[in-house]
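Engineer: All chains should be built: construct the whole structure from the sequences, respecting the hints.
Sequence lines, in order, name chains G and P.
When you line the first sequence up against the working numbering, it's residues 1321 to 1954, in that order.
When you line the second sequence up against the working numbering, it's residues 1321 to 1954, in that order.
A few of these clues could be false.
Same chains, same names: a pair is fine if it fits in one copy or spans any two.
[Unchecked claim] Below, a list of computed lysine-lysine pairs in the DSBU-like style, where the Cα atoms sit at most 30 Å apart:
#, residue 1, residue 2
1, Lys1550, Lys1604
2, Lys1485, Lys1714
3, Lys1388, Lys1812
4, Lys1637, Lys1707
5, Lys1346, Lys1804
The set of hints was computed from the structure by calculation and includes no laboratory data.
Residue-level listing of the chains:
Protein chains: 2
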Amino acid sequence: MERKIYLDNMDVDEALKLFLDRTGYKQEIEEIHVIQSLGRVTADAVFAIYSSPNFNASAMDGIAVRAKDTYEASEVNPVIFKKGQYKYVDTGDPISEPYDAVIMIEDVVEVGEGNLKIISPVFPWQNVRPIGEDIVANEMIIPSNHIIGPVDIGALLSGGITTIKVYKKPRVGIIPTGTEIVEPGEKLKIGDIIESNSRMLEGLVKEYGGEPLRYSIVADDYELLKAAIKNALMENDIVVINAGSSAGSEDYTSKLVEDMGELIVHGVATKPGKPVVLGFIENKPVIGVPGYPVSAWVVFEIFAKPLINRWAGRQIKQEKKVEAVLSKRLVSSLRNKEFVRVKLGKVNNNLIATPLSRGAGVTMSLVRADGILEVPQTCEGYEAGEKVNINLLKDLEDIQNTIVSIGSHDLIMDIIGNMIHRKNSAYNLSSSHVGSMAGLMALRRGEAHMAPIHLLDEETGTYNIEYIKKYLANMDIALIKGVKRIQGIMTKKNNPKSIKGIEDLARDDIRFVNRQKGAGTRILTDYLLKNAGIDTEKINGYQREMTTHMAVAAAVASGSADVGVGVYSAAKAMDLNFIPIGEEEYDFAIPTAFLDEIMIKLFIEVIMSKDFKDYLNQMGGYGIENTGHIIKCN
Amino acid sequence: MERKIYLDNMDVDEALKLFLDRTGYKQEIEEIHVIQSLGRVTADAVFAIYSSPNFNASAMDGIAVRAKDTYEASEVNPVIFKKGQYKYVDTGDPISEPYDAVIMIEDVVEVGEGNLKIISPVFPWQNVRPIGEDIVANEMIIPSNHIIGPVDIGALLSGGITTIKVYKKPRVGIIPTGTEIVEPGEKLKIGDIIESNSRMLEGLVKEYGGEPLRYSIVADDYELLKAAIKNALMENDIVVINAGSSAGSEDYTSKLVEDMGELIVHGVATKPGKPVVLGFIENKPVIGVPGYPVSAWVVFEIFAKPLINRWAGRQIKQEKKVEAVLSKRLVSSLRNKEFVRVKLGKVNNNLIATPLSRGAGVTMSLVRADGILEVPQTCEGYEAGEKVNINLLKDLEDIQNTIVSIGSHDLIMDIIGNMIHRKNSAYNLSSSHVGSMAGLMALRRGEAHMAPIHLLDEETGTYNIEYIKKYLANMDIALIKGVKRIQGIMTKKNNPKSIKGIEDLARDDIRFVNRQKGAGTRILTDYLLKNAGIDTEKINGYQREMTTHMAVAAAVASGSADVGVGVYSAAKAMDLNFIPIGEEEYDFAIPTAFLDEIMIKLFIEVIMSKDFKDYLNQMGGYGIENTGHIIKCN
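Structural biologist: Shown next, in the form of structure tokens:
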């Protein structure tokens, strides 16, 4: 097959309009039991059959009387009701002729022989719920296109409604394709990719109001895919194919849509999400979703969400937006609209947005994201400190209850975050990994609550305090002592290239993988290389930078590098050989003013807890002598 | 049985603390498939088993090369790659020795015999997704106590997770009790009440994260109820009994809890919701929920929600609050904390809160509510115009897209609202029924977008315009012509008391039901009574006021009144006899500035539509000659 190399670059809004306008869907209606209607969408307004209450009812426990018999009653001149002149009633009992009012039981005194004394009058219909007080027959209870809630169910039943017309949920067939993808749980071979997108898409379909139907994996084969699509069209209102939507040699989706029906769009100006296919087969909408998970998510949010929402009778909601300050410069291409995942944090009453990884394959950027920054096609990006609008993915309340930590990476940050959330699920820890120095700079700009740092002062041989004194001289900063951790050289298990120390990094047969500039580990590495008199230009891979210990360890474990520097826990997790080169102090710099905040107290409580220390002892590679001690620096 | 007449009046927070502290629950954990985990709550943090990708993978369709072979390439000095020196790769294919970079297919030119020309260099690992780019083995994917979303499912599967530990949903048994309640769908006799609360509570339990189990109705009988509770305790973690929680002669719940276990609370200082029972039987929490629907809802929100949330591992969310201006005076008792349902509307950028019916039995006040105003026990109420905090029940966005109509009631308001929502489900019409004059006053105070009015000027014999000129002289107001409607005297079918006209209202054997002061219908009635020379004090029931046409019609239909004045549609809906006494003009007063708002345009579009006019013709009793015409008044 000839390769079509280039995709179109159609404007997103234009593509969406083309797609929705052409969609010849017919909303189907079904009648279901009210008691099973939670979360469904009404297809018609619903009018009450009965009034509620359906009779005049006592609003209290008490006695039913004729109001005019009570008019003379007063404390000095009580009225006696004889047996037969009144009737005991409970709340909800019918009130009918000759009675027209109720005296509450607390105001009634028994005086023997069934006679009762009352000392204050009631007016006609007092303490009586009139017929229709709640619902009047023929009154509208809920309108059409209304999502049915628990309270609605109560009102519908009270109004005599037992079945209700709702929109049928559109059925959405999801076909995972790809010769390289395997079902979750299978043993992975090199080149295998676990099929996970279809399960994410299933969840999204449910959230949009549709009914997903996921098929088994289909290999990249024109005929097999054609048969799968035909089958899915029979069983569904909408068909989704993931992936094969690009223009590679094994991307059949656009060709199939063209051959079997009508191709409307192939390629839109979004990043990620460009290689999308939109079309119709047998008049049913077909969406070809790209394979990268974030691309798949973006495409689904743009095209599948409004389609399914509308089909299900739901309102197409505007995203909730907030204004935030961008914490670092962001450059974006004029070729497309970009969807940048961001972490949000509220520090000193400013909402700060920090961009996460922009890779289309980085699912974790979506898992961690609090919001999406849409950079319009006509915009080249934003400067640090600029105000931007963010589409919220999480509740603002949760975001406000989040400790914003920006600085060096350590596995314990995830552990601490988990323990905080577990102790009080209202609070979270958001940890951005930019290295120690960048963490201090973030504190200086007021963008973080804390910076985890491990910065060696070469002159004094001490950690962290000198840096705070130098770089945050004008701020009140405390240092919460964290952990001592062992840094070392990581090599493959059994050390096949016999690396002994830092001096081996410059060997010709050694490929090194480095940490990014400003990272404490990088500073330590550079310090040791300088002491050993090694020219960094001689080191093969010195320019290859990773932003976490685990990424370095993974590179070594996979064989794409022979050696890297990092902490023991990372080496242990990836089953690597580890040669200690020093112990360093990983602490938390924090503006003194924040020490009184509940969530910071919770943080300190967690790191001083027995649970946390037990965990570290079990991990190994950490010293915990001073953990939680607070030192005022400036 | 002896009656215990008085309930305790325990402070709400104290009662909740007692109840939650005493709850000896044990969160149970179950392991389920990740693909079935949407919406469940993690019981532990989840760490990746595999890295994703699990190998170095091509990030593009292109050719795999050794980067150093490309360094010399430039436009003037292209490099030729011979067959064997490169390898075609698709996105996701593994990149391994000797290759360490990928050139994208667009940058490759075939020059024959399998040779390829390239004109720009790539650096090592360019266009290669390194192992662990997305997820690194052993990294935390999601923390504990996290609600699993679609994106999380994708990440979990990618990280090699197939099963996951989640909190078991607490099972909540719901026992509806009452000798007077009947299952929905049964034919109603006088005194019967449709059982609807348990179905509302079922829905709430689901929303809180629990698993409801609803039992059949149990009569008010000590032994039957005891057996039902015993059975429910075996099958559930929490038992809810509705109702019988008060202190009436048939209220057994508190007694049963006392006899079978431990009674903690009976009666709290809330309105509605006072008669609540909290206790423990076999160490399982038991909640006795009052019978009035709004009381049941309030009690469930206060006590069941935090209990179930916590049990399910979910965060106990703070209500979302907004500040709003109260549109009318609200007096509240110092005996309890009151939960007042309010409609919210945004008019002139002010959020306006209008209290709805405060009756504990008025489910529709919950159906219609946009928020809850909590009036603390120590507060006697608020003045009109005071700023108050409202707990939101709906999205602020939906509230902002709502036309706030305050004024006279007509059935067509529900119909118009429904048609607006149907045309564009982003918009709603909220209609408060306070009478024509109060509607004009609301416009004057800037609390409404429009006031539906039908105000007869006795001097000119015209409707509405003179009132606008007089009462809103300083505002730019337009009058959108609505409908002409026939007002008349409503009596029971076949007019058993032979009522002929307005002069019969003062007859001794006639019980009248009136509309509230300021209502157009009341003004018309008073005008006709004055003309007929009738003293209103002679009229039996003149003081009995209803706020809607349908309520008046229902009172007549039920026999609690013999006669009322209202519109034809109400009489028809309740199958009453109708004696026309005049035609009136029901129009919409609206500040001119609002005419340009999208939702007001939508309103005008709807009332001018054929659908709407067809509907009115079918209803009967309306004239539609000028509907939608706009008259500038001031």
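Engineer: Evaluate each hint against the coordinates.
Structural biologist: Hints, one by one, checked against the model:
Taking the shortest Cα distances, Lys1550 and Lys1604 sit within 30 Å of each other inside one copy (11 Å), while across copies they are farther apart (54 Å). Proximity of Lys1485 and Lys1714 under a CA criterion of 30 Å is satisfied inter-copy only: 23 Å between copies versus 33 Å inside one chain copy. Taking the closest pair of Cα atoms, Lys1388 and Lys1812 come within 30 Å of each other only across two copies (25 Å); inside a single copy the shortest separation is 98 Å, beyond that limit. Taking identical chains as interchangeable, the C-alpha atoms of Lys1637 and Lys1707 lie at most 30 Å apart whether they share a chain (24 Å) or sit on different chains (29 Å).
For the homomeric pair Lys1346 and Lys1804, neither the shortest alpha-carbon distance inside one copy (65 Å) nor that between copies (37 Å) is at most 30 Å.
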